[in-house]
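K.L.:
If you want the building blocks of each chain, they are given just below.
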Amino acid sequence: DAGITQSPRHKVTETGTPVTLRCHQTENHRYMYWYRQDPGHGLRLIHYSYGVKDTDKGEVSDGYSVSRSKTEDFLLTLESATSSQTSVYFCAISASTDTQYFGPGTRLTVL
Amino acid sequence: GENVEQHPSTLSVQEGDSAVIKCTYSDSASNYFPWYKQELGKGPQLIIDIRSNVGEKKDQRIAVTLNKTAKHFSLHITETQPEDSAVYFCAASAGKSTFGDGTTLTVKP
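Chains as they are written, first to last, in the working numbering: chain A, 1 to 111; chain B, 1 to 109.
Derived by calculation from the structure, the hints in this document are not laboratory data. Using N, Cα and C, we set each Cβ at its ideal position, and we do this for glycine too. One should not assume that every hint holds.
[What the hints assert, rightly or not] Here are the simulated lysine-lysine pairs, DSSO-like style, with alpha carbons at most 27 Å apart:
| no. | chain 1 | residue 1 | chain 2 | residue 2 |
| --- | --- | --- | --- | --- |
| 1 | B | K58 | B | K108 |
| 2 | B | K96 | B | K57 |
| 3 | A | K57 | B | K96 |
| 4 | B | K42 | A | K57 |
| 5 | B | K71 | B | K58 |
| 6 | B | K42 | A | K70 |
| 7 | B | K22 | B | K37 |
| 8 | B | K57 | B | K37 |
| 9 | B | K68 | B | K57 |
| 10 | B | K58 | B | K68 |
| 11 | B | K22 | B | K96 |
| 12 | B | K96 | B | K37 |
| 13 | A | K70 | A | K53 |
| 14 | A | K11 | B | K37 |
| 15 | B | K42 | A | K11 |
| 16 | B | K37 | B | K58 |
| 17 | B | K96 | A | K53 |
| 18 | A | K70 | B | K96 |
| 19 | B | K71 | B | K57 |
| 20 | B | K22 | B | K42 |
| 21 | A | K57 | B | K37 |
| 22 | B | K37 | B | K68 |
| 23 | B | K22 | B | K58 |
| 24 | B | K42 | B | K57 |
[What the hints assert, rightly or not] Here are the computed distance ranges between Cβ atoms for each label pair:
| no. | chain 1 | residue 1 | chain 2 | residue 2 | range |
| --- | --- | --- | --- | --- | --- |
| 25 | A | D38 | B | H72 | 21 to 31 Å |
| 26 | B | N53 | A | R22 | 32 to 42 Å |
| 27 | B | Q60 | A | E79 | 40 to 50 Å |
| 28 | A | S7 | B | L46 | 19 to 29 Å |
| 29 | A | T17 | B | K68 | 41 to 51 Å |
| 30 | A | V12 | B | K71 | 36 to 46 Å |
| 31 | B | Q81 | A | D54 | 35 to 45 Å |
| 32 | B | Q45 | A | S7 | 16 to 26 Å |
| 33 | A | T17 | B | K108 | 39 to 49 Å |
| 34 | A | S84 | B | Q45 | 21 to 31 Å |
| 35 | A | E79 | B | T78 | 47 to 57 Å |
Make the full structure from the sequences, and use the hints.
P.N.:
Here's what the structure looks like:
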C-alpha cells in the first residue's frame, strides 16, 4: 500500500466550528488531492495540489480551504463546518497526473 | 468539464459467474481510465487501468476494454468469488480524474 495516512480517522464536531483534516504521505509524490464521498455521488474533488504551496480548486471547493507547506503534508480546513459537510473525506496522492493512491479516509460528522 | 456515467449501480451475481460494469465519458481529451475497488470502511484501491492507446488489458480474472470512438469503457470480472464483493468505481482522466458514482457488486456463494 502507498504510504498515506489520514488523521483523524473519525471526528464529530458541531456546526460553526473549524475543522482541519491532515493527509501525510511518505512517497514523495508531487500531486495530492482531497475528495469527499457521499452516497450516490461517488468521489468528488474538493482541492488538489501540484506542488508545495501550489493548489487549485476542484468541483466542490466552496466552504473548504487547503494548504501544503511541505511535500508530505496536505491539510484540508473547514473554516466553519456545516451539516452539509458531513461526509467521508479521502486524500489521494499521485506521482503524475494519472494513477492515484488513496488513503484510508476520515469520517466527519457535523451536528 | 468531464462527465462519467457508470452502470449498473448495483449488480448481484452467483459465484463463478461473470460481472460487467460499464462507463461512458464525455471529454474526448480523456486518455487514462482507471478502475478502483473499495471495500467497506477502506479507501479505493486501484485494480486495473487502461490508456487511450490500448483497446484491452487483462490481469488474471479482470479485464478492461476501451472504445474511444464511442467513449465507453468496461470492467469484466470472470469466475467471480465472494471476495470480489465491493464497490467498484471507474474514472476518466485528462489530467484530473472524474469518477463514476460506483457499482455495488455482490457475489453470492
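K.L.:
Determine which of the earlier numbered hints do not hold for this structure and return their numbers in increasing order.
P.N.:
none
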